[in-house]
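On the provided structure of chain A, position chain B as indicated by the hints.
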Amino acid sequence: MSALQEQFVTEARELISQATDDLIVLERDGASPERIDRVFRAFHTLKGSAGVVELPAMSIMLHAAEDLLASVRQGAIESGPDMIDAALACLDQVSRWVDDFEATGALPAQAGEDGRILAERLRSFLPAAAGQQPPAPAAWPSTPGKVETLPKWVARMIASERDAMAARMPKRASAAFAISYQPIAGCFYNGDDPLQLMRQVPDLLAFHIEPREGFALLVDIDPYACNLRLRAISVGGRDEIAKIFRLVPDQVQITGIPLDALAAIAPAVNDADQSLIRAVIEAQCELLRVSDRTDDFAGCTGAAARVATNALRHANRPQLADRVQRAGATVLTQHDARPLLTALEQVLVALADSPTTIAADVDGPGTAAASTTERPVERVLRVSEAKIEALVNLAGELVVAKNALAHSARRVEQDFAGQEVARSIRRDHDAIDRLVAELHGTILQLRMVPVTQVFRSLHRLVRDVSRQLGKDVGLVASGETAEADKTIVDRLFEPLVHLVRNAVDHGIESPTQRRIAGKPETATISIEASRIGDRFLIEVSDDGRGIDPVVVRRKASEKGLVPVDELTALTDERVIDLVFAPGFSTAAEVSDISGRGIGMDVVRTVIEQIGGRVSLASRVGTGTTVRLDLPMTIAMSRIMVVEAGGQLFGISMEAVSETVRVTPDRVSRIKNNEGFVLRERVVPIVSLAELMNLPERTKEATVARLFVVIEAAGRIAAFEVDAIRDRLDVVLKPMQGLLESARGYAGTTLLGDGQVLLVLDMKELLP
Amino acid sequence: MTVRRDDNGVIVLEGVCPVEDAEPLLQMLQAMPTADIDWQACHQLHTAVLQLVLASGRIPIGPCGDAWVAQWLAPKLTQNEAAR
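Protein chains in written order, with the working numbering: chain A, 1 to 767; chain B, 1 to 84.
Just so you know, not all the hints are guaranteed correct.
[Unchecked claim] Straight-line distance between alpha carbons at most 20 Å, and here's what the computed EDC-like set of lysine to aspartate or glutamate pairs gives:
(1) 76(B) - 213(A)
(2) 76(B) - 163(A)
(3) 763(A) - 711(A)
The hints are simulated quantities; they were obtained by calculation from the structure and are not laboratory data. On a predicted model such as this, the values are computed, not experimentally measured, just so you know.
Okay, chain A solo, but in the shape it has when bound:
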């Protein structure tokens, strides 16, 4: 698979999930223009990328979806649940195809047919006529009365091409538009030909094309990265223009130009000119203030009005110029200079207030703009998980290597009496220790991801399941940005799906039942993630019927999950907890949504595997809350699995200093204890089997004995084992319940075959 194809797969998945999300929000909260735009863009980009990797079936189907969304955007049709269903089905199909494409590099053989059927389904929502002809132009969002800024380049373009434009200007032009089109760098890959779009613009007056960021040298240029900016002035209809650019609304800006501005626009006005114009007008004010003392009143005021008018036209302020001109005419008829003076003073204020904007409420057409608000782009660096994993491992190794320094210091001190050197090594050790701890922490942070992605998919799940069951359920998610280790977040998906599914299927009543119970017909499932200290909590609550302990008791005894006498002794809370027992299902019938009796025990198993706990609280008639209490990071411990007395035990590798085989003749008995000499030290022997009250294997005099040497807190011992099995990275689960206070155990972990392994705390077991 080429890099381009790989990128397509990654991006397509992101777009699918984003579009799915947006479609669901759109259905729930209504079709706001921004929302439809987002969905539209996602489909459009998907279509474009499908074209680049040459998947025509996908492009054609997405094209149909795009047409449909365009119609919704124009308001030609309303979005409804069935239409959203179709759009989601389309995304599902794309998602499956992306999987196929990733696995085999191609779409399945029936892709064309599948795509055609879905495209037909999508097109069936279009009004009959729109099926054949391209959708009418999108209505551009307009804000009447809003002051519209005329881009500076418009004045420059008019100034430099004035004559040519005048020649092309039709007699009966009613409006003019400035079009600024900045294609995205990857537009060629989307199949766009920006020039082709510009060619279609009607009644072009001026056109300009230039590099967006100066052209690179030919040797460095990327021929397929578009680095152009296309600008034009047209006197065609806005709708017609908008229609041409309907597929690139985010890259184009269409601004109305008042016609008189177009006619009167003079060379560009810069700030220096602006102050010059102010000075000119101020001078006319001075002149008018003294004008009643002069003989030539008419000549004086007439000149002042003319100078001011010309200056304002030069400054691209036709409305102000007109106002001054009108005031000048009044002054001449009334023989009173004051109206003109007032007008000029107002002009000065207007100039100070809005140096470069034109009030768009002055003239009728051309008041709407299609501009995109600049979205801050979040820069994300994609790093493969394997690389992060390698970093985590390296940091782990560094911790071990650092620990060796402490040993070295001790040896220098003891064996070579080098206190000075030992102190120096210890100082270095401390410094490295701090840095390593920091490094380790930072690297673990890299693995922290928000639960957003997992929560996102739940919206879709709730929507689909509730629609299928004819229930009305809304999902409220909060705290999506809370972060936890990627391993934990990844593993959360399955349990959360079970919980949410269960809530919709079993927890939430039918709308009729809810009405009778006096509850709102729309049920709410809320899911909330939060961080408390170093724990990561997720609560899934519903406002459904709750879990009835009576029903649970009956089911539990029917299924024989708990002996009857034990069951009666249990409190209601403990009884409710039985829903987590394997094989428990309270649903009257097995449905294909849940109720196969495997849901809840899977939840508990998975959560416990990642070192978490599940608890449940429920009140009949009010609802159920399931609380997942998880660690934020998975504290992986490296353990050695050993066998003693026919059982397996785990020993934390941190405590193991070495493993040795010793021939029986080297073992000597000192009083009641056995021991052997290892590098000039006497190491006492402890039989692990004996320690654990397990039968000891009979020792043969000729076979070497196997020891795991443990050294901690200045003490040393050799634990005799029958065999060393594996070295594993595991998540330790602390001992719970009765065993919580048992000494000598660090915790338990599940082995690959489902066996529970006791992990020993060797420091406590040292004699």
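Using the frame of chain A, we list chain B on its own:
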């Protein structure tokens, strides 16, 4: 191929020049830093191809066969040249 080099060492654009022509055109422009470009026989120019013509800074031998480009772009190319 609608981009070729003729016997006089001129890079000739012919017929419809689609986006795929950008790559070979760039190679020719790089290989022949002084070669002229002749676009008289080109009826339709893709933006990517035009972008390279602009980036090369060379004034093509015209008029451009693509009438729209000839009307809206070619005059400016000569103006720019005059300005230099």
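Comparing the hints with the structure gives:
Under the criterion of a C-alpha separation no larger than 20 Å, the hint pairing residue 76(B) with residue 213(A) is consistent with the structure, at around 19 Å. Of the pairs offered as hints, the one joining residue 76(B) and residue 163(A) holds, with about 14 Å between alpha carbons and a cut-off of 20 Å not exceeded. Distance hint between residue 763(A) and residue 711(A) is fulfilled; the C-alpha atoms sit about 8 Å from each other, no more than 20 Å.
Hint compliance for this structure: every hint is met.
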